Amino acid sequence: VIVCMRQQQQLISAVFRITHQSYFYSLTPDYKKYPAKDFLSFVLVCVWLLPFVDLLPSSIATFTINEALEVIGFGKFQWKMSLLTGLAWVADAMEMMILSILGPTLHCEWRIPAYQVALITSVVFIGMGISSPVWGKVSDKYGRKVGLVMCSSWTFFYGILSAFSPVYGWVLVLRGLVGVGIGGIAQSITLYTEFLPVKARSTGVMMLSAFWAAGAILEVLLALLVMPTLGWRWLLGLSAIPMALFICFYSWLPESPRFDVLSGRREKAIATLTRIAKENNKSLPQGRMVEYEQVRKFVVKTIDRLTTDGFLHWLSNTFTYFGIVLLTTELFRAEHSCWGGTHSDNIEPRCDFECKYLSAADYKDLLLTTFAELPGLLIIVLAVEKIGRKKTMALCFFMYSISLLPLFACIGRIALTIFISIARAFISAGFQVVFVYTPEVFPTENRALAMGISNGMARVGALVSPFVAQVLLRTSVYPTISLYCGCSLLAGIACLILPFETLGKNLQESHLDQEADGQTSSAADNSNGTTLSE
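Here the sequence shown stands for residues 12 to 545, where the numbers follow this note's numbering.
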């Protein structure tokens, strides 16, 4: 009667909690044995509160995780988290950048043929491709923090061991195991994204991209100092130090409150949000936290298209990014007129065992092309909030293709360095936009798994790239550049036809919301406050 006439559903719910938590405990300690008395107590309290119903608000205040994060904003806590997750990103970049240095060195030191040099790089991506979905599943089941520390420890352990590799076979095995660990580092993006308010999401993830660029630069500087005197073993060992630092400080990281809510640990999620609010000198919204109904239904048609197109731009990003990274050292080591060597009208195939160590000048030019990632990020930070994620990714792919076109001509060393730097700036920036877009578009219950599968599928492109940049290039530069230009062009077109634009949209809780968003996407693009599923 009270519910129907007074329409105070929230009040009755609160009263029911009172009877369970305090009032009825004092009346009947063994109340579970007396359901009739339980109901009687509930009715008596309702009647007692009846005169005060009109004095209470029409509903009890509630808030969601999204609303809490918007109120808390981006502050001291997020800055600390940026530094810590950024440290993992630095370590990841160093382990990846070392591939462009290790291969040419072992080619000369151990006299291995070109295909074995390419295999040193490819085996890392094989490990990443296999492990990425596994780490994603671990992160979705046991927590983002658990998955991240496990893969970090794995990477550090085998990174150190690989420095003691006695023969080529052990290098392959141990670097492959390093790749298995690296496959889970992308979960740092998943964890980090789930603590960010909407307006700070793209800027925050791009900030982590700056840590990636810093890691790549640090690796080249380290190689410039270590390689001429101490050799590649010391380089491998010293490159594992940032990962060790991350492991030492990881205990400060909290678990994602979104994951805690989905796992039924609502109190822990509230405690985490309270901690964030305290560090940011803010207060949580008034009322109690509520969660959206969890809908396990997977919207097959929409998600299938999303994952197919998404995997294409992930695969293209890794193929083209690691292609330009590997091409840089290969072209700098080339000895024909187009890239500053002796004159030759045609590119002649070289002996498989012919080698040339990277010189100090090569390392300096490699450093310049690596530095190019930083200005690219600054440009994209502005573009991603103005024209959206899809158009920004497409722009980066198209500019990458245009930047490689001069390599078809015979250009000198300075021009080569400039155009490679431009290409690397745009493809690196585009790669980071993918890391912004993917966590935004997949739901919380599957976000880590989606990141893992995407990252794993992407390694197919990275796996093939060494055989193009290090083997096919020795035959002719033209099919090599054509493959990278063509792949980038197709990926840019694929980005434009992605089903969702995530600019300005919240992360929410259910696939049902994602279906609704897909059905109203045309209207959503013109309105603020449209949300994506969590």
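Calculated directly from the structure, the hints in this document are not laboratory data. Note that the coordinates shown come from a computational prediction; the quantities given were computed from them, not determined experimentally. Keep in mind that the hints are not guaranteed to be accurate.
[As the list claims (entries may be wrong)] Using C-beta positions, here's what the derived DEER-type ranges look like: (1) Cys421 <-> Val157: 34 to 40 Å; (2) Leu378 <-> Pro124: 26 to 32 Å; (3) Cys119 <-> Ser487: 20 to 26 Å.
[Unchecked claim] Within a straight-line C-alpha distance of at most 20 Å, the following computed DMTMM-like cross-link-like pairs (lysine to aspartate or glutamate) qualify: (4) Lys91 <-> Asp373; (5) Lys279 <-> Glu512; (6) Lys210 <-> Glu396; (7) Lys279 <-> Glu290; (8) Lys148 <-> Glu290; (9) Lys91 <-> Glu81; (10) Lys402 <-> Glu266; (11) Lys293 <-> Glu78; (12) Lys289 <-> Glu266; (13) Lys152 <-> Glu266; (14) Lys279 <-> Glu266; (15) Lys87 <-> Glu290.
Quick reminder that beta carbons are idealized off the backbone N, C-alpha and C, glycines included.
Verification of the supplied hints:
no., hint, verdict
1, Cys421 <-> Val157: 34 to 40 Å, "violated (54 Å)"
2, Leu378 <-> Pro124: 26 to 32 Å, "holds (28 Å)"
3, Cys119 <-> Ser487: 20 to 26 Å, "holds (23 Å)"
4, Lys91 <-> Asp373, "violated (36 Å)"
5, Lys279 <-> Glu512, "violated (32 Å)"
6, Lys210 <-> Glu396, "holds (9 Å)"
7, Lys279 <-> Glu290, "holds (17 Å)"
8, Lys148 <-> Glu290, "violated (31 Å)"
9, Lys91 <-> Glu81, "holds (18 Å)"
10, Lys402 <-> Glu266, "violated (33 Å)"
11, Lys293 <-> Glu78, "holds (13 Å)"
12, Lys289 <-> Glu266, "holds (17 Å)"
13, Lys152 <-> Glu266, "holds (12 Å)"
14, Lys279 <-> Glu266, "holds (9 Å)"
15, Lys87 <-> Glu290, "holds (6 Å)"
Going through the hint list in order, the structure does not satisfy hints 1, 4, 5, 8 and 10.
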